[in-house]
Amino acid sequence: MQLTSLQKDVLQELINIGVGNAAGVMNEMLHTPLELSVPHVDVVNPDDLDSLGTSCCASVCQNFKGRFNGVAALVFPPESASLLVTALTGDETQGVDLDELRTGTLTEVGNIVLNGVMGSIANILKEHIEYLVPTFQECSVEELLKTQVGEGQKVCVLAETGFRTKKLELEGSVYIVYEVGSFNILLEAIDALVPTS
Amino acid sequence: MRSSQPVEVEEEVTFTSREFGLLDHVPVGACILRPDLTILYWNRSLEEWSGLSRAILLGTSLGEHFPHLTTHGFMSRFQSLTNGGPPIIFSSQLHPHLIPSTLPNGQKRVQYSTAKGVPLSGVDGLCVLLMIQDVTALSTRVQEYREARDQALQEVEERQQIELTLLAQSQELERSNEELVQFAAIASHDLQEPLRKVITFADRLKIKYGESLDQTGQDYLDRMQKATRRMQQLISDLLSYSRVTTKALPVEKVNLGDIVHEVVGDLEGRIDASKGRIEISDLPTIEAEPFQMRQLFQNLIGNALKYCRNHVPPIVTISAQIMDAGCHKASGRRYWQIEVTDNGVGFEEQYADRIFGIFQRLHGKADYEGTGVGLAICKKIVDRHNGLITAKSVPGQGATFIVQFLELPSEVKA
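Note that the protein sequences, when read in sequence, are chains A and B.
At position 46 of the first sequence (counting the first as 1) the number is 46 in this note's numbering, and the numbers step up by one without a gap.
If you want this note's numbering, it's the position in the second sequence, counting the first as 1, plus 197.
Keep in mind the hints are simulated off the structure, nothing from the lab.
These numbers come from a predicted model, not from an experiment.
Just so it is clear, CB atoms sit at the ideal spot from N, CA and C, and this is done for glycine as well.
Hints may contain errors.
Said to hold, decoys possible - Residues on chain A that point at chain B, a partial pick, calculated with CB under 10 Å:
hint	residue
1	17
2	99
3	131
4	133
5	137
Input sequences plus hints: build the corresponding full structure.
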């Protein structure tokens, strides 16, 4: 699906606002200064995401239902996920194992980021969205999208997200996969925000 | 509930307790908060965990009892929830004691909490349904697992370090041995030439000027000649020793019976002279270097003949048996045990290891000839064939030399 540059700018701005809100929440809760940034946002067909590869990733998934259907996911390579948890909690456990405690922490981090992003987008939609409780998964992005997204045409908003603390700088990816109908509603809402010349 | 609460709050509390009463029977903490965080419901688990009864809590603000939950970070997350936002996770690492609670053993209860917006009849906006799981046992198990894993990782690291050190030492030892063998080979080879000259000129001296020397001078010359001949023998033996590795040839199938019969044939003169007897049982075929096997049995049988008792003719037996116990780990092959037994002077058991060292002698040169290299050569040959050589003895009753070699691969039992 082709977006106008204006639509793309607005979408990027919405995600930036959401990520900014998430960073604010994180900094208040974690007492560890954390900067979040969204250097790049793209809109792609999920079928074109072949480059995702089959390597295992750590993901936090947030499904949403109703008239507005889809899934949002924050995805990290496992080593980055573990490093992030270490940086945020000061838990210097050896190795990169994501045990129950660490996956719980990562789920909360994903929850805050995705809530920020989804909240920012929901603000302009004026639609009721029903959310499920976020879940943690370890699988490839390909498998994740296959299991979390049903049949039918989809659109994927892909936002690269940078996480930076004093000692650490790493990148995760936010995927928001919408049904085409839902995404069109979002585009209409975006268009409504921008005054026509 | 406080009597000063507005009537609508009292009604909401009553309604919520009725609607959500089922949550009193679940083993998780559960509470329902109005959008302004007034407590409408507080289940039994939470009463027990927090030590606060509903009578005190219901209709009051959460912040009155748990002020840490009213910081901006928590409030903004609760607010997003009551505005229709996604559920919230409070993980056990970042918020282990959301509703502080102490276990009977004094340990703090570790919690994993989830909050979700729920509509409630008569309330504007969504209420907060907060569900709190007790994950203390899980946390403890994970911590124990981490400690066990860290310890195992540390042990593996230490073991790898030790293996690396051993490998380095082994390589150093191998290199050093190699150098020593090379040195022995070169030194003994180079020593032969000047020694040969000394021997030649000593012989000429004796022939040409021997008559002119007085008794003492002739004695000195004789001693010099004996010493040079002994040195020649030492150098020759040293060369043989170093050649076990430097001139090693590939192994092939060798029938030890044939080898031993050939050796006995070569020693026939000595056997006859000593009126000795050699008894040879069936001996196996093994993979070995024929020349070195000949050297091995030449030394062992030669020693058995040499170290005989006065006026007791030597009797030497050579026998073999397959060992069913103690197979070679990697190949599963069994060992042949070959024994060379004599009825000679024997030796003290405490010297059983020392006799295989180079230049080691248990008897004086005057009693028995030799350089003390023969058994060292035997050991080196056996080592080179991945075998084992040991000895046992009772002084005055003879000695037994035991050699173990691997059976042929084709003989391995299925």
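Do the hints match the structure? See the list:
The criterion of a C-beta within 10 Å of any C-beta in chain B is not met by residue 17 of chain A, whose closest approach is roughly 13 Å, and the hint is violated. The interface hint given for residue 99 of chain A holds, since its Cβ lies 5 Å from the closest Cβ of chain B, which is under the 10 Å cut-off. The closest approach between the C-beta of residue 131 of chain A and any C-beta of chain B is roughly 4 Å, which is under the 10 Å cut-off, so the hint is satisfied. Hint status for residue 133 of chain A relative to chain B: holds, with the closest Cβ pair at about 5 Å, below 10 Å.
The interface hint given for residue 137 of chain A is broken, as the beta carbon of that residue sits about 14 Å from the closest beta carbon of chain B, more than 10 Å.
Checked against the numbered hints given earlier, this structure breaks hints 1, 5; the rest are met.
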